[in-house]
Amino acid sequence: MAIQLQQVSYTYADRSMWKQTALHGINLNIAQGSLTGIAGATGSGKSTLLQLFNGILKPTEGTVQVFDITITAGEKSPKLLPLRRRVGLVFQFPEQQMFEDTVEKDLCFGPLNFGVSPEEAKERARKAMTDMGLDLALLERNPFRLSGGQMRKAAIASVLAMDPDIVVLDEPTATLDPVSRAELIALLERLCREQGRTIIIVTHRMDELLPYADSWALLKDGGLAFQGSGQELAADPAILERCGLTVPQSLRYWQAVAQRFGLAGEKPLLTAEALAERIAALLEERKNAAGMEEKGNGHE
Amino acid sequence: MNQSYKDTEAGEEPAVITLAGVSFGYDPEHPILHDINVSIPQGQWVSIVGPNGCGKSTLVKLLNALLPKSAGEITVCGHTLQEETIGDIRQCIGMVFQNPDNQFIGQTVEEDILFGLEGLCLPYEEMKQRLDLYTVKLGIDHLLSKHPGELSGGQKQRVALASILAMKPGIVILDEASSMLDEGSRDELMGILRDMQAEGAYTILLITHDPDEILASDRVLALHGGSIAADVPPAQLFRNEDLLEKCHLREPYPWRLARELQNRGITVDVPASEKELIDTLWPYNFSK
Amino acid sequence: MNERLLLGRSIDTGSWVHKLDARSKITGMLLYVVIILLSNSWMEIGLIAVFSIIVMATTRIPLKYFIKAAKPLRYLMLFIFIVQSLSVKEGDVLWSLGSFSLHEGGLRLGAFSVIRMLFLLTFTALLTFTTTPGKLNQGLEGVLAPFKKLGLSPDRITLMISIALRFIPTILDEAQIILKAQASRGADLKELPLKEKARMLVSLLVPVIASAFRRAQDLVYSMEARGFRMDAPRSRYHRLRWGAADTLFVAMFVVLGIAVALL
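Chains as they are written, first to last, in full-length UniProt numbering: chain U, 1 to 300; chain V, 1 to 288; chain C, 1 to 263.
Heads up, some of the hints might be wrong.
[Claimed, not checked] Calculated lysine-lysine pairs in the DSS-like style (CA-CA distance at most 30 Å, straight line):
| hint | chain 1 | residue 1 | chain 2 | residue 2 |
| --- | --- | --- | --- | --- |
| 1 | C | K19 | C | K64 |
| 2 | C | K71 | U | K58 |
| 3 | C | K19 | U | K105 |
| 4 | C | K197 | U | K76 |
| 5 | U | K267 | V | K275 |
| 6 | U | K76 | C | K180 |
| 7 | C | K68 | U | K58 |
| 8 | C | K68 | C | K19 |
| 9 | V | K146 | C | K19 |
| 10 | U | K287 | V | K275 |
| 11 | C | K180 | U | K122 |
| 12 | U | K220 | V | K146 |
| 13 | C | K19 | C | K71 |
| 14 | C | K19 | U | K79 |
| 15 | U | K267 | U | K287 |
| 16 | V | K168 | V | K128 |
| 17 | U | K122 | C | K195 |
| 18 | V | K146 | V | K168 |
| 19 | U | K105 | C | K64 |
| 20 | C | K64 | V | K146 |
| 21 | U | K58 | C | K19 |
| 22 | U | K122 | C | K197 |
| 23 | U | K76 | C | K64 |
| 24 | U | K220 | C | K197 |
| 25 | U | K105 | C | K197 |
| 26 | C | K195 | V | K128 |
These are computed hints drawn from the structure, not numbers from a lab. All values derive from a computational prediction rather than experimental measurement.
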């Protein structure tokens, strides 16, 4: 397991400036190398949960274990720097945290903070740019001169440059256009599949992540309402409504087809392409079956 | 321009917005908008789409002189845009912007709605009446004394909309107003827009990437590289893969599914629901 | 209830103080500040205390809210107490350690300063507790109106104040997030040596300032789109009405002032 939460609660201190939701009694396991989606209505505690993963927030009850680093409520926490290096946390609108005058310097900021040599940091910056599908020529540019989509990707690259084993992203696609959103999700999926990184994405657009996520965690009012695979989710989409979320159309269409043909046990097909392919095959089957039957009838 | 769009139903309505040869740019060599010609009749719902940086947001800001046009003529509600008519034109246009926080001017909901009304120098009774009417209409009448910090993004956008509707504009422009909202709040906002459209008193301009929002509109203006690449009804946009790609858009899921099926030789119309699709494809229940 | 929201937040109980004209409350508070600053004996502060507690009680706002208003500055008060206590070397020595010694006079002065400050903070909170920000602004505009002749623009000043009050919490929230984001990139202010901290500050300030400019631009668009023009005439939803109660309210402070001056 990459991340394990046991009976974790988090209560904001009374004098807190935050209006984020507290968490209670969370038991959560996130497998190493998996792509996990976290969803929940506004105010369900998603952002709070993410900040527990790299020790920005410490649990007020329970235990957070990330690889071999354990943070237990009430006990003195271990050095957080190694944890932060292994868990890259990308906040919402990460482009708003960029501050250097070139993209390269901004990308090197993280690695240098973790004691990486300047040469190595630059090397990592280049790799992170490539991972995010960005042109290396942009390294010399001022981050504020990039387009919105590029800036978002560069900001995510600035966390990737830390070479984290786990990458946690809070609404990474918010305000991007649909094509850029799909592109970004595809890039993140590649990080997971090709480089074996554990990717955790908080989203309120489940439809764009559904075809790719290995597992889902749904939050409701600060508690964990569901944890399981997309297949389990597809079997009982009503859980989404109970969490105040809309059932994505891809899931609704799959469910309708699956119900009609008793495909419930199968891995859900959540892209239009895959579902159309399956429907075509089903129609073909029916036609053949009907043909056979006719032949059979003819014999009688 | 590769497609032109004739609006048959609203064709009789007089145009409330006319742009003739409008350009904008800081550098004449690289204009952000170039020679825009478009006319929008009263009561129409127009989606303005296009990739980031195509000039969508700039275009709507020219209409009420938040940005200065560099060439051409703009007419809004019968006023030709010039220094003296800016005030009148701004009264005809209400705008809601993307970031719910940055357009909340007052310290409470009530104050925010009053900000525009006080600027119109309305008497107390009139302000009171509009305040009541529009806060009830948008379901925020219980939030009057709330601070922006106590409201959700969706609630703040409803306050922004109430603030401008209370000023009784004929034209309402939403500049990616739903893009920072969660799904539920987006649906709520769409519901409100649908009601407004049904009322018939508003011309709605919506800058958006959202397929469902585009689908709800009468007409789509697609901008690309600073000029109008297409002026079509939504259905035509969603059937045109090249155009979608060019505008960085996706069609709604049922449209995509219908197209994928058509590509596989299965002729279906775009289904209105999953049930409709199943019933069309398999009219008889085969399941054992 | 969180502290941030207490800043400039009214608590409506409908008491007589709530119904007062904001101008009388502002005038009263100004007088109160002067009276507190001029007070220098236990007798005087005792009188002020009785006065303050009676007025606070008549607002029907629970006392704990007033105390909460002073809470953010508790460390400053503690600091003042310690410095004052140790700096005055009068009266009996109560306690000493090396070159430090605590005298009776010092303790007295320390306590006196803290009590004065406590009343200053809790009592002036009454203004924001009993007045909505809108009315407060209008009141301020009214109080500043005479300065128009000096070329001052009260509308501009109050607009500035109200926008600042509106956006400071938002920008503080954002600064928190950026702080956390940079900490996630290995730049934790708490865990770094001093030399590095300066560099960290840049990583915090640049994004916060950039974002404040972005917000300002958005806000200007939003205000202009709603037809706002500086110095254009505006009507008012809430009217200022000076009544007998307002005169009485201000008179109370004048009487208190005279009493303190005479003691």
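The hints, checked one at a time:
no. : hint            : verdict
1   : K19/C x K64/C   : holds, 22 Å
2   : K71/C x K58/U   : holds, 25 Å
3   : K19/C x K105/U  : violated, 58 Å
4   : K197/C x K76/U  : holds, 24 Å
5   : K267/U x K275/V : holds, 21 Å
6   : K76/U x K180/C  : holds, 20 Å
7   : K68/C x K58/U   : holds, 26 Å
8   : K68/C x K19/C   : holds, 23 Å
9   : K146/V x K19/C  : holds, 20 Å
10  : K287/U x K275/V : holds, 21 Å
11  : K180/C x K122/U : holds, 24 Å
12  : K220/U x K146/V : holds, 25 Å
13  : K19/C x K71/C   : holds, 27 Å
14  : K19/C x K79/U   : violated, 56 Å
15  : K267/U x K287/U : holds, 24 Å
16  : K168/V x K128/V : holds, 14 Å
17  : K122/U x K195/C : holds, 23 Å
18  : K146/V x K168/V : holds, 23 Å
19  : K105/U x K64/C  : violated, 50 Å
20  : K64/C x K146/V  : holds, 22 Å
21  : K58/U x K19/C   : violated, 46 Å
22  : K122/U x K197/C : holds, 22 Å
23  : K76/U x K64/C   : violated, 34 Å
24  : K220/U x K197/C : violated, 39 Å
25  : K105/U x K197/C : holds, 17 Å
26  : K195/C x K128/V : violated, 58 Å
The structure fails to meet hints 3, 14, 19, 21, 23, 24, 26 from the earlier list, while all remaining hints are met.
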